[in-house]
Amino acid sequence: MITFDFIVNLLVATIRLSTPITLAAIGAVICERSGIVNIAMEGIMLIGAFFAAIVAFYSGNPWLGLLAGIFFGAIFSLLHAFATVSLHLDHVVSGAVLNILALGLTRYLMVLIVGHPGTSDPIPVGLSDYQFAIPVLSRIPVIGPMFFNQTPIVYMSFVLIILFTWFLFKTKTGLHIRSAGEHPLALETIGVSVYKMRYLGVLVSGMVGGLAGAYLSIENNVSFTEGMTNGRGFIAMAAMISGGWHPVGAFLAALFFGFADALQVRFQVFKIVDLPEEVFIIFPYVLTVIAVAGLVRKSRPPKAVGTDFMIERSED
Amino acid sequence: MNRTYSTALNAVMVVLGAIGSILWLGATFRSGETYYFWGIWLIVAAAGVYLVRYTLENGRDELLALVRKSLRSVVVPVMGIVVAILIGGVLMAITGYDPIAAYQALFYGGLVRNWHISVLNAAPLIFTALSVAFAFKAGLFNIGAEGQYYLGAMGATWASLYLGLPGIISIPLVFIFAALLGAAWNVVPAFLKVKTGAHEVITTMMLAHVARYLSPVFIRANGGDPATSLHPYVTFEILENNMLPSFSQFMEHANYRVHTGILLAIIVALVINFLLYKTRIGFEIRAVGENKDAARAQGISVGKNIFRALLIAGALAALAGFNQVNGLDHKLFENLQAGYGWNGISVALLAGGNPVGVVFTGLLWGMLDAGGQFMSRTTQTPSAIVEIVKGIILFLVVARYIYTAISQWWKRRKQKQTTAVAAGQA
Amino acid sequence: MKKSLSMLVLLLAAFALVLVGCQRAEEEQAAEPAAAEEQAEEAFSGVAAMATDVGGLGDKSFNDGAYEGLLRGEPIGFEARVVESKQQTDYVPNLSGLAEDGADIVFAVGFLMEEAVKEAAQMNPDTYFGGIDIGGDPEIPNFQGILYKEHESGFLAGLVAGHMTAEFSDASDKLNSDPVVGVVLGMFIPPVERYEVGFIQGVKYANPDVRVLSATAGSFTDQAKGKEASVAMIEQGADIIFHAAGLTGLGAIQAAREEGVLAIGVDVDQNAVAPDTVITSAVKKIPESIEVVLQSVVDGTFEGGTHVYGLAEGATGISEFHDFDSVIPQEVKDAVAEATELILSGELEIATTRAEIEDLLD
Amino acid sequence: MAILETRHIVKQFPKVLANDDINLTLQEGEILCLLGENGAGKSTLMNVLYGLYKPTSGTIVLDGEEVEFSSPRDAIDRGLGMVHQHFMLVDTLTVTENIILGSEPGSGPVIDYKTARQQVKELSERYGLQVDPDARIMNLSVGLQQRVEILKALYRKAKILILDEPTAVLTPQEVEELFAVIRTLRDSGVSIIIITHKLEEVKAIANRVYILRRGRIEGEREIADVTKEELANLMVGRSVVLTVHREPHEAKPEPVFTVENLRVLDDREVEAVDDLSLTVKPGEVVGIAGVDGNGQSELAEAIMGLRPATSGRILLRGNDIEHLTTRERINQRISHVPADRQRFGLVLPFTVAENIAIGYHDRAPNSRGLVLDYAGMEKQAEELISSYDIRTPGPLAPAAHLSGGNQQKVILAREFSRNPDFLLVNQPTRGLDVGAIEYIHSQILRMRGQDVGVMLISLELEEIFALSDRILVMYEGQIVKELTPAETDEREVGFYMTGGKERSA
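Residue numbers (this note's numbering), protein chains in the order written: chain A, 1 to 316; chain B, 1 to 426; chain C, 1 to 362; chain D, 1 to 505.
The set of hints was computed from the structure by calculation and includes no laboratory data. Just to be clear, a hint being listed does not mean it is correct.
[Unchecked claim] Restricting the straight-line Cα-Cα distance to at most 25 Å, the calculated cross-link-like pairs of lysine to aspartate or glutamate (DMTMM-like) are:
no., chain 1, residue 1, chain 2, residue 2
1, A, Lys196, A, Glu182
2, B, Lys292, D, Asp373
3, A, Lys196, D, Asp91
4, A, Lys271, C, Asp362
5, A, Lys303, D, Asp292
6, B, Lys304, B, Asp293
7, B, Lys195, D, Glu201
8, A, Lys172, D, Glu65
9, A, Lys196, D, Asp112
10, B, Lys195, D, Glu328
11, D, Lys252, D, Asp267
12, D, Lys281, D, Glu328
13, A, Lys172, D, Glu328
14, B, Lys304, D, Asp362
15, B, Lys292, A, Asp90
Same shape as in the complex, but just chain A:
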């Protein structure tokens, strides 16, 4: 039963399932590197997924949908930035609130815009219709179908991983963002605004989170469904931590979770062992816990992550 094709299919499925997690995770990496905890990822993804589907449906153009997803993801994340950076609200609290808000908002807007709750009408053209194989490379055995015969957002995710790594560790702004997360005052004292950097970090995570949502609603599928993110935002947090706050690490962790999920579905299909479905379904979640437990010790969070930063303060 474990044929070569099976392996390849499994790996392709891994990519398919991990892409939204990867995107959300690398977004979270940038955000936390700047010092802001972002557990609002779940909500941001939901918002992104919603607007991507809506715009794609009414414009008939999935690319516009894609932009909408990114745009509204960013807008929503600005709420988080405003609450945490400007209002000095506890990061976790703000994130939790935004997740709740996103659920209510999408449901209400469904009723208003689509006319009924539940799921939006299928979009005419989905991004999956733009799948394309990169000539030569896609012929490479296993690697080819995994990385070089994919759909747009998947390709984007690959590019973004590299881009973000380069951005964080090779550019000036990247250096500033990292400093904002490690020792904000040091950054402020050489004349770079910590507020700006943190807003930037949250904003980036919002855009990528929106993209992750868009992937769910207009690339992997063709319509928005309430609560379709289904906890992926939180798995992304786990991926970020297990990945040691590094884009590449986060990507690998996300791959791992995607792999676990792909595997459990196939176990079900094969009925390899006769267990209740639920046992298979929980498999990835259990693995997540194990992974976090195993890897977290090696990974060190940015020193100042989750801490508030205020300039005007009197001594003592």
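Since the structure of chain A is provided, determine the placement of chains B, C and D on it from the hints.
Just chains B, C and D, lined up with the frame of chain A:
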């Protein structure tokens, strides 16, 4: 003044308050009859007695100070609620619904017509919120209360199916068993937190998913009455003796569904409040929550208290499950979306982590839910609006920093002016 | 403690205030039902209401179906009202509330509401109640339980699938040579089980050698998971994917569309979702059955007990083939017709639970 | 001519008036000292100059023209550089990255690390400030970290260099090196402002000095014609005893506390305490002198059971306590005044009463059985508040609302009132003003007088000499030398602190 007085007044207050809240919470408008206002007036009376006693003991100025203090403590929440309701109204207006009618229905439904539903909704929320709030005090975020809720529900069901002792013994045993299971469910996160530093937000969240998918398995294992079309998606009904008494058993006309779980919730809230602020354990937990380095330097074991906090939190969330099974459903459904765990987070945040505050925010949330249902039923307004209003309330209340920020900014402006003047003269 | 106690005083004050405001509302509300009653007499006009289960509207399944049924009542003088339940505690108040607010008939939708609707019916003896996917009770004359033989629909769908994947795999270029089909489930609940079991039996009835793959997504709203399940089956050579997974199933159909295989919809005719992929749908005509009930209310012929809607009542079965009408060979259509006969005549027993199907198969 | 001048600078914080009508001038190429106690408003003033705070009113004049700094950026661009008391360095980054942070070379968004490294090398050579450009800050000694800070300023072409308490964490040798550097900088045309509360340094390095008190300028003096005593009086506003008077006290012969061959690892799993042994007798103060980061904190943590020892024994009254938990050790009557009072000493949101109770919160008068006894707690707190004269609104005020000195007094009250046999005091006066220092020193000596064995860890040699009966010099996790204050001086101690070997050897 002399102690006998004060204790006597205390007794009066407690009695009035107890009777009052029983009447109030058990009240129903379905059968026309009402204990509701009686309950409220009794509680108000109790509060009055309290204030009298307080004045006799500490004098008038102290009383005024107290009133001022408590006013300050409620002004932010109340402001937040009012503003949120206004925003929600505007939203409804611009999206073509009648806010006045909607809100009238909301409050009428939540506070009068379906008050008993508000109470039913509140009970489990209070338990899960207590769980989250308690963990907060130790600096932990028990985001996975939902999972512990499922564990508690399963444990309560299992025990209640087979434990045939007289209720007075049996119910407490079930109560404890459920609590223990919930606590056990948090052993892993606690252990990982202490040993590897794995963040509880992730571990408890993941385990919540696990628990949710375990419940159907459990239900099928204890699968119920083939006569119903539900079979086997609900367990057998639990034994009579394990059901929490409902108010109707000692109050005629009380709604037969309103059970004493809410009183249990309030008692537990008071116990938790006592535990946190009046006992050594609470002291250590709060110390760890506020500054674990200092706590450690004074010989308070951080790991031990993380365990305590997470396990107690797990037990509290599990009690919500106990409350639903033994109080309301008397069996465990394959519940597609209980959500008490998630909503408990909002309730806890809204109460600022104060166990007693949780009782009120829990009732508020339950009221909004029940009222929201009534609203959408009678005015055909989508109940999602209630979710949004809730979200805004939460944001405005937890972001009380908004108000402090504003006031600080205001002060600074004033000071600038004054000092500028001063400098000008100099 | 002090703080919170005085907080209590203030909160109560607030409550009390609101109440005063509500008293007036109370009377208004009270007046309403009476009015409705009177109107109920002459040239029929009444209120038909429903309460969804926690799934809520937009499930593209029984909740939506029931609502459509209510709307069909408008021509015969019914005003449709709907309330979406948020949690189990809402069921009873919503149902009896709708009754008290003057509904002539109230539908409870979804098996989770069984107990609630029976309670509500007993509390409001002069209002009619209907329960979708809920068994009736002879004790309660004003309550009609409405069950569907989803397994029949599933069976016929399975029959088509079984034949197509095996004998007629060359009828469409979207079919492959290996005799494998798949079924994606949302969560494992009663109607879903009946669909699955019926489908499996249908497939085996058509051709015992066909393998039926099955997987559960664990959610009715996670399209990505539905898609993945269906892809995994397609990888195993499945060329027809049936789903009983509500919104999750949309993902399954999407997967079939992308991978160039065929799919079978559920509950309602889902051909519109992907006309080039959905050959037919195992339907459950909730709207029609609700229409029947509403009519009986108008005629005053409403009766309690359990009403099981199946092929005989034209409430179950498979939808038309749309563009695939030409693709599906006559033999298959005949087989369907024949099986239908056998089912109607009772000669063909269809399993309703996994336990039964296992016995049946070996 | 005056390169920098402030006119009527006023800085008002929500709570305090930190600067009140400050007028000062800085001449080109001079070394100016700003002398004042902690909280006198020195740092605030400098942060105003540096554009970190906006002045409530008043103006800054640079090269004869009025300037307004909206952010440090402007200040930097106008040639101001600042070395903060708490270094503004990102530990996880390299020296190079820290130096170029905010003014990175390279066109476009990308950093040109090659050039950066080159520039850093040149710079450090030009000013004789040797430091490895690729080292990570977390692996550098404090002295080197300070060099990086200075290089940071020079890299930005600072014409005016502000140093905030630059010597606080340095050994005498390092101080002299620093002064040498400062002089060379001055000679190369940089004007320098040094903020300090140490009179010797003012005498040693400054050309001119301003004295600040309670946010106002108390006076300006040419170094040539001012005495230490005068400066002290100006600074504190009253005449001060510069060294606490310490009457001789005979220590008991039998040691109360002993450490034998102790080995402890630090967070990086490196051996921080290396086969260390020492004894403390009842009624003596043993001073542990050493440069920060030579294992003092690890030693302290090991003694308190906050960090496991890999080997060795810790004896209290002759019996081994190494295996005991922190709580058990506290119950054995060890008291500990931690170095970082806000992080390890207090739970800031807790009330003074609670902070005094913590640690002994499990016994009378703080609790009865499992239940806390707030009445008892407050009663005890009130007594200690008066006997240690802690300035607080009352026992129920949050510790966070107290000044640094009073916070430290709360800790002393807590630890000293538990009449310990052994007392571990770690940098008890860090960042406190003269008044508080005097008081705390006298309290420590009072404990000594009560035959308590006191172990004093301090980075301030003044303090070591003021209090110790014996001085143990700690270097790289070992006691490299034992000295008696009477027979040695700061120079010798400093020599061993920096790894110097016995001349005879």
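Status of the hints after comparison with the structure:
1. The suggested pairing of Lys196/A with Glu182/A holds, with an alpha-carbon distance near 15 Å, which does not exceed 25 Å.
2. At roughly 23 Å between alpha-carbon atoms, Lys292/B and Asp373/D fall within 25 Å of each other, so this suggested pair holds.
3. With a C-alpha separation of about 22 Å, the suggested pair Lys196/A and Asp91/D falls inside the 25 Å cut-off, and the hint holds.
4. Annotation: proposed proximity of Lys271/A to Asp362/C holds, straight-line Cα distance about 17 Å (limit 25 Å).
5. Between Lys303/A and Asp292/D, the direct Cα distance comes to roughly 21 Å. Compliance with the 25 Å bound is thereby established for this hinted pair.
6. Our distance criterion of 25 Å between C-alpha atoms is met by Lys304/B and Asp293/B, whose separation comes to about 14 Å.
7. In summary, the hint linking Lys195/B to Glu201/D is not supported, as the alpha carbons are separated by about 48 Å, beyond the 25 Å threshold.
8. Simply put, Lys172/A and Glu65/D have alpha-carbon atoms about 32 Å apart, too far for the 25 Å limit, and the pair is violated.
9. A threshold of 25 Å between alpha carbons decides the hint, and for Lys196/A with Asp112/D the separation of about 23 Å falls inside it, so the pair holds.
10. Between Lys195/B and Glu328/D the alpha-carbon distance is near 22 Å, which keeps this suggested pair within the 25 Å criterion.
11. The straight-line distance between the Cα atoms of Lys252/D and Asp267/D is roughly 37 Å, outside the 25 Å bound, and the hint therefore fails.
12. The suggested pairing of Lys281/D with Glu328/D holds, with an alpha-carbon distance near 22 Å, which does not exceed 25 Å.
13. With a CA separation close to 51 Å, the supplied pair Lys172/A and Glu328/D exceeds the 25 Å bound.
14. Distance check on the hinted pair: Lys304/B and Asp362/D sit about 15 Å apart at the alpha-carbon level, within 25 Å; holds.
15. A threshold of 25 Å between alpha carbons decides the hint, and for Lys292/B with Asp90/A the separation of about 18 Å falls inside it, so the pair holds.
Taken one by one, the earlier hints fail for this structure at numbers 7, 8, 11, 13, listed in ascending order.
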